[in-house]
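Trainee: Here's the letter readout for the chains.
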Amino acid sequence: MELSWIYGLIGGLMIGCAGAVLLLGTGRIMGASGLVGGLVDGTGQDRGTTAAFLAGLVGTPALMTGLGWQVDTQATTQLWLLILGGLAVGIGTRFANGCTSGHGVCGMSRLSVRGFAATLAYIGAGALTVTALRLGLGL
Amino acid sequence: MRALLALLSGALFGAGLHVSGMTDTARVRGFLDFGGAWDPTLAFVMGGAILPMVVAWRVARSGKPLQAPRFRRPQAPRSRGR
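One line per chain: the protein sequences are P and R, in this order.
The numbering of the first sequence is this note's numbering, which starts it at 1 and goes up by one.
The numbering of the second sequence is this note's numbering, which starts it at 140 and goes up by one.
What the hints contain is simulated information worked out from the structure, not anything from laboratory work.
Relax, there's no trap hidden among the hints.
A few chain P residues that face chain R, going by a derived Cβ cut-off under 10 Å, partial list only: (1) Leu9; (2) Ala18; (3) Arg28; (4) Val71; (5) Gly102; (6) Ser109; (7) Thr119.
Covered stretches of chain R, going by a simulated chain P footprint (3 or more residues, C-beta under 8 Å): (8) 141 to 149; (9) 154 to 164; (10) 173 to 181; (11) 184 to 198; (12) 202 to 209.
Quick reminder that beta carbons are idealized off the backbone N, C-alpha and C, glycines included.
Looking at chain P on its own, in the form it has when it is part of the complex:
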């Protein structure tokens, strides 16, 4: 537990390498929300490539869990809450033109003003929500 920052750093470096492989290999920006969105709404180009990326993204943690590397998660098992949360994330990232991977990782690393603004807004709004829920509902 006290070593979680090292795992965080290692995992982060892996995520950065993932973005580098996608950019230098396929010329595309690794924004998870945009890639999913382009696949679903039909506006995305080169959908086979996108589908391959998402298969790796979803499949690898599942595979690692299956092989015995388990990570606890506190996600709710209430289906309607999961759907509601997913919808909120989808609508928000569409309005903001990107999510944590697109704006945070790919945007801030090229010193994009929009990337910094979006990331700070996400953290600020998230912190407000978490604090409000903790103080208000005792969650």
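Knowing the structure of chain P, use the given hints to seat chain R on it.
Mentor: The following block gives chain R in isolation, referenced to the frame of chain P:
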């Protein structure tokens, strides 16, 4: 080949999320809980992820991707006044 690179990228992304513990919702929530039991792990994940990308953007300034005709530049913000 391009799909294979994308698969590798997605797999690295997924594995990175898993290794860093970011598939645990409590960790993400903990990072946002500045007034409570703050968990800084996400900051290390973000910092670690930005480092290789800084190099990648530098490399991407010249030339072209391995398996595509050109780099797709981030688009300018679109007006949403509809």
